[in-house]
Amino acid sequence: MAGRGGVAVAVGGDGTCPGGGAAMRMAIAQYYARPSPIHRLDPRCKVVAVTALVVGLFLRSSFAALAVYGLAAAAGLLLSGVPLGWVARGLRPVVWLLVLTFVVQLVFAPGPAFYSLGPLHLSMRGLAIAGYLSLRLVVLVVASLLLTLTTPPIALTDALAWLSRPLRRLRVPTEELALMVTIALRFIPTLMQEIDTIMKAQRARGASFSRGGPLRRARALVPVLVPLFVLSFRRADELALAMEARCYLPGAPRTRLHPLQAHRRDAVVLVAVAALVVLAELI
Amino acid sequence: MPLIDIRGLRYRYAGAADDALCDIDLAVEQGEFVAVVGANGSGKSTLARLLGGLARPAGAARAEVCGHDLCSDDGHLDVRRDVGVLFQNPDNQLVGATVEEDLAFGLENLALPSPEIARRVDEMLARFDLEPLRTREPHLLSGGQRQRTALAGVLAVPRRVLVLDEPTAMLDPAGRDEVLAAVRREADRGLTVVLVTQEMDEVLLADRVVALAGGRAVFEGPPAALFAERELLHELSLGLPPAAEVGLALMERGALAELTLTLDDLVAALQAGTP
Amino acid sequence: MRRRGAAVTELEPEGARPLSVCCEGVSFRYDEGATTIAALRGVDLTFAPGASVALLGPTGSGKSTLLQLLRGLLVPDEGRVLLDGLAAGEGDVEERRRRMGLVFQMPEMQLFAATCRDDVAFGPRQLGWSDGAVDEAATSALAAVGLPADRFGARHPYSLSGGEQRRLALAGVLAMRPGLLLLDEPFVSLDPASRRDLEAILRDLRTGGMGLVLATHDVDRAYALCESRVVLDEGVVVDAGPWRFGAGGEDVLLAHRLKPPFVVELWRRLGRGAAEAPPQLTAAAEALA
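Residue numbers (our numbering), protein chains in the order written: chain A, 486 to 768; chain B, 92 to 366; chain C, 21 to 309.
Same shape as in the complex, but just chain A:
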């Protein structure tokens, strides 16, 4: 696949928190651009490989299999050269889930206990299960991060569109859906800026978004959501017109500036992943 110079799609907005200047950063489909063997792979290959990894993880519940997949994912990450800080940031959303999973399994798993307190008991088996499930979650997240950190969103949607082509036979408009996703992603930073501005404007009129219970706060969002919806509908109208003016016709065949191009290395990777899955099954 032709290498593309990329900018990290980390979205920034201006800060409204006390302490000033802090950015409200929301990472959507985070992409870290770097020339690396992983980045250069065809996105379709990466999607299939990661999917195989994920499916394989659930096929076999053993520490050995987990080790195989874990090492593969780690190797992939190292090869991609993405800074560990970005990976850690990607793991942050699941930290609580991880902790919860670990604790629940540890405490409620059946098995001979070495410590009991009423209905709760700690057992070796519980420890093993908790450890396994938590680690598996980590490997899962790392594997999907491998995909999103090394693939620009538009390449990802192209890959998914290509892979879901068989659905077209069932009248599913995969090409149009892919374009919709691309456009939606493109407008996320714009929407974030607009939300920020609207909230500030309403705050300047005395609105408060942090007062009162959940019901009151929900109602306080109306002066933000209504204008946002209106803006978005107007945008949709104007955008559709502009697209038609540039000869867009849903259903008509379209080519791409950067078409997906598979190379031998993609086949090699797919074979390697298949071998990995077999290995994990046999261990």
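One thing to keep in mind: the hints can contain errors.
[To be verified] Partial chain C-side listing against chain B, Cβ under 7 Å, derived:
1. His237
2. Gln300
3. Leu301
[What the hints assert, rightly or not] Take a look, some chain C residues computed to stay more than 10 Å from chain A by CB distance:
4. Pro127
5. Gly143
6. Gln146
7. Gly173
8. Ala220
9. Val272
10. Ala303
Simulated from the structure, these hints should not be mistaken for lab results.
Note that the Cβ used here is the ideal one computed from N, Cα and C, for glycine as well.
Using the hints, position chains B and C against chain A.
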């Protein structure tokens, strides 16, 4: 044969009580630069969309643009290939995740081969001075840069006519200059341009101006002739450069004979009038 | 100049009291991805009560950021903003903040209510005023912007034209009876007739004693509406004070990609002395006729 050949054009929005456009005649030759002016609601944006094949006329004695019949099913779709339309809001025209992706959009829609698309994109980046912004995301561009990108995207597909619907209305002065300079360059290269605007200084770029009021054409002629029509100027609520505002006020007081459009003209006229 | 709608209703002096605003060494930074942008650096400014000040400078010079800092929507990274001598957290600084109205760029995007009256009443309601006071405030604000309540009160905000929506948004801010009005590029994206209407409304407010801080690219309107100006470039205050002409005055503007006001240029070319140039084009025409 004029490139745009329209007679008796009519259009009415669904559910509207009156025609948005009524009995419009417009003939534009290849290479001409025509301005269309009018107050809000005069029908000028509607005309822009009809010319671009984005809506079908309710009726017309003749409505041919680049040889396509605007009234026919195929015609109004085919005309979109030859007529490019640039709209007012720069943000709501950019679909691509980056500048180069957006420039490619129109070419992709025509299913051109990828190397051809890449070639045209490179050409547009150079022609509109966008090369340094090739991989920039739209939300990181200034208003003027966005509108220039949108313009380049529209013209990436070779067009015979460019229609612009108040393209600078949402831009700051720097952005306005950028976009108008780009439009003027394209016009100098022979592109046929129809510019819908409310700003008098943009009208001055044109060879000819058509004024609309209430959906009807009320004036057609060179810009200088329009500026002699004081009553009409008031009705059209154009944005006047300061020299013209002062000039008009002086004309009302009988202190000036001809409308001045620039500082130099005004100074010269005033100094000449001093006994 | 055309003036639509009812005659101007003077906003109640009670509540619309002027206030002084002062910036001491204010700096502010944005983080955009991996880079930090210094929006404002070391800004020292004083706005006297009732003053009318134009904030001039190219896009990105920090005008919007400064307005939001003045209003207290942003907190400075360095320095402080004093309202009537009070800093953040001191005394009744919140009450001073409420006396400043900020009209954002493209303020139509704040309209959300089902009727014009409800939208304009939003601000006063948030301030906790009584129903009677809210009603009164909404009615007089609508009148002040030329959208009288009996004709426009029950209409849906989105049924109004672009220019009317902008005036409606302004009414929403005026209803809170500010003593100082901060406006961020109020003339942008407005058709020429609406620009003229808005200028007339602002002039009427000035006549009524409203303080004004007007961030704009339109130097001519800035000169017509404001007695002094602050020139910002890349986050730094380059010049501040009453309009100065003759040697040195215009140079500041030109050096920062701003054109001097048209009337000033005209007066100079006609040998009449730049400092004598009247702020408004109609007055200029009178003088020349």
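> Against the structure shown, which of the earlier numbered hints fail to hold, in ascending order?
Replying inline: Checked against the structure, the hints that fail are numbers 2, 4, 5 and 6, while the rest are satisfied.
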